[in-house]
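Asks: Spelled out from the first residue to the last, the chains are:
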Amino acid sequence: DAGITQSPRHKVTETGTPVTLRCHQTENHRYMYWYRQDPGHGLRLIHYSYGVKDTDKGEVSDGYSVSRSKTEDFLLTLESATSSQTSVYFCAITADRGHPEAFFGQGTRLTVV
Amino acid sequence: AQSVTQLDSQVPVFEEAPVELRCNYSSSVSVYLFWYVQYPNQGLQLLLKYLSGSTLVKGINGFEAEFNKSQTSFHLRKPSVHISDTAEYFCAVNRGSQGNLIFGKGTKLSVKP
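Top to bottom, those sequences are chains A and B. Count along the first sequence from 1, add 173, and you get the number used in this note's numbering. Count along the second sequence from 1, add 1, and you get the number used in this note's numbering.
Hint data in this document are derived by calculation from the structure and do not stem from the laboratory. Fair warning: there could be bad hints in the mix.
[Said to hold, decoys possible] Pairs of lysine to aspartate or glutamate, EDC-like flavour, derived with a Cα cap of 16 Å:
#1 B:109 x B:16
#2 B:106 x A:227
#3 B:50 x A:274
#4 B:113 x B:17
#5 B:106 x A:232
#6 A:243 x A:227
#7 B:109 x A:211
#8 B:70 x B:9
#9 B:50 x B:17
#10 B:109 x B:89
#11 B:113 x B:89
#12 B:59 x A:269
[Unchecked claim] From chain A, some residues computed to sit far from chain B (all C-beta separations above 10 Å):
#13 186
#14 195
#15 200
#16 201
#17 252
#18 255
#19 274
#20 275
#21 279
#22 285
#23 286
[To be verified] Which residues of chain B face chain A? A partial, calculated answer using Cβ under 10 Å:
#24 7
#25 8
#26 10
#27 13
#28 37
A virtual CB, placed ideally from N, CA and C, is assigned to each residue, including glycine.
Modelling step: build the complete structure from the supplied sequences, incorporating the hints.
Replies: Written out as structure tokens, the structure reads:
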């Protein structure tokens, strides 16, 4: 299994509070991604990173921000959590363009009440 | 823009029967194609991939898929399923130079004894 660790694995938070999810990899892969998974929607890309301090938005980026200060860590922040952000969040990594297959973490189940 | 359509949201099948999970994609450029499997409360695991070359690709657990460029399809097949194949299956297409994956909405395979 690819060395990807997501933390926390489960979290319940209140509406309006900030929340940070962490993704840590030990593979030294260049690309890192955050997806959310919701029933009937599959996985949708929130943000991604193509290097340290290089990030870009995905299709559902509103209300989220990311940071990548080290190759191994990619943080996802919900600036002010809303109930619509209740979801399962997955981190993924890919090595480079020649190896485009992604490897996924175990997920973080976030509930906003 | 690229998109992925999984034509069946649920597929029930009896044990030892063959199964086909259908996937169509839209893209104006060459793509990489993937199938992932997700067991309950777990992350996504790569089942197989098509990058180039032979259009018939074999993956883990006896699954295979055929890339059909003219029909823009990448259907997943297994000649004889087991109870343990019960899971959700996702088709995905590589997006752009950054390697972002676009996912279908998933197909839940339910194998009955």
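Asks: Give a verdict on every hint.
Replies: Hints, verified against the model:
1. In summary, the hint linking residue 109 (chain B) to residue 16 (chain B) is supported, as the alpha carbons are separated by about 15 Å, within the 16 Å threshold.
2. Of the supplied pair hints, the one linking residue 106 (chain B) and residue 227 (chain A) is violated, its CA atoms being roughly 29 Å apart against a limit of 16 Å.
3. About 8 Å separates the Cα atoms of residue 50 (chain B) and residue 274 (chain A), which keeps this hinted pair within 16 Å; it holds.
4. A threshold of 16 Å between alpha carbons decides the hint, and for residue 113 (chain B) with residue 17 (chain B) the separation of about 9 Å falls inside it, so the pair holds.
5. Between residue 106 (chain B) and residue 232 (chain A) the alpha-carbon distance is near 15 Å, which keeps this suggested pair within the 16 Å criterion.
6. Pair hint residue 243 (chain A) plus residue 227 (chain A) holds up; C-alpha atoms about 11 Å apart against a cutoff of 16 Å.
7. A C-alpha spacing of about 14 Å is found between residue 109 (chain B) and residue 211 (chain A), which places the hinted pair at or below 16 Å, so the restraint holds.
8. In summary, the hint linking residue 70 (chain B) to residue 9 (chain B) is not supported, as the alpha carbons are separated by about 20 Å, beyond the 16 Å threshold.
9. Our distance criterion of 16 Å between C-alpha atoms is broken by residue 50 (chain B) and residue 17 (chain B), whose separation comes to about 24 Å.
10. Between residue 109 (chain B) and residue 89 (chain B) the alpha-carbon distance is near 4 Å, which keeps this suggested pair within the 16 Å criterion.
11. Pair hint residue 113 (chain B) plus residue 89 (chain B) holds up; C-alpha atoms about 15 Å apart against a cutoff of 16 Å.
12. At most 16 Å may separate the alpha-carbon atoms for a hinted pair to count; residue 59 (chain B) and residue 269 (chain A) exceed this at roughly 22 Å.
13. Here residue 186 (chain A) stays apart from chain B, with its beta-carbon at least about 20 Å from theirs, past the 10 Å limit.
14. With a closest Cβ-Cβ approach of about 15 Å to chain B, residue 195 (chain A) is found to remain outside the 10 Å limit, as its non-interface label requires.
15. With a cut of 10 Å on Cβ distances, residue 200 (chain A) stays outside the contact zone with chain B, its closest approach being about 14 Å.
16. No Cβ of chain B comes within 10 Å of the Cβ of residue 201 (chain A); the nearest lies about 16 Å off, and the non-interface call holds.
17. A cut-off of 10 Å between C-beta atoms confirms that residue 252 (chain A) is not in contact with chain B; the least separation is 23 Å.
18. Even its closest Cβ contact with chain B, about 23 Å, leaves residue 255 (chain A) beyond 10 Å, as expected for a residue assigned away from the interface.
19. With a closest Cβ-Cβ approach of about 5 Å to chain B, residue 274 (chain A) is found to fall inside the 10 Å limit, against its non-interface label.
20. The claim that residue 275 (chain A) is not at the interface with chain B is violated, since a C-beta of that chain comes within 10 Å of its own (minimum 6 Å).
21. The beta carbon of residue 279 (chain A) is not kept farther than 10 Å from every beta carbon of chain B, the shortest such distance being approximately 5 Å.
22. With a minimum CB-CB distance of about 20 Å to chain B, residue 285 (chain A) clears the 10 Å threshold, and the non-interface call stands.
23. With a least CB separation of 21 Å from chain B, residue 286 (chain A) remains clear of the 10 Å interface cut-off, as annotated.
24. Annotation: interface hint on residue 7 (chain B) holds; nearest CB of chain A at approximately 8 Å, less than 10 Å.
25. The restraint placing residue 8 (chain B) at the interface with chain A is violated, with a minimum CB-CB distance near 14 Å, outside the 10 Å limit.
26. For residue 10 (chain B), the suggested interface contact is upheld, since its CB lies about 8 Å from the closest CB of chain A, less than 10 Å.
27. Given the 10 Å rule on beta carbons, the hint for residue 13 (chain B) is violated: about 18 Å separates it from the nearest Cβ of chain A.
28. With its C-beta approaching chain A no nearer than about 8 Å, residue 37 (chain B) sits inside the 10 Å limit, and its interface hint holds.
Consistency note: the structure conflicts with the earlier hints numbered 2, 8, 9, 12, 19, 20, 21, 25, 27.
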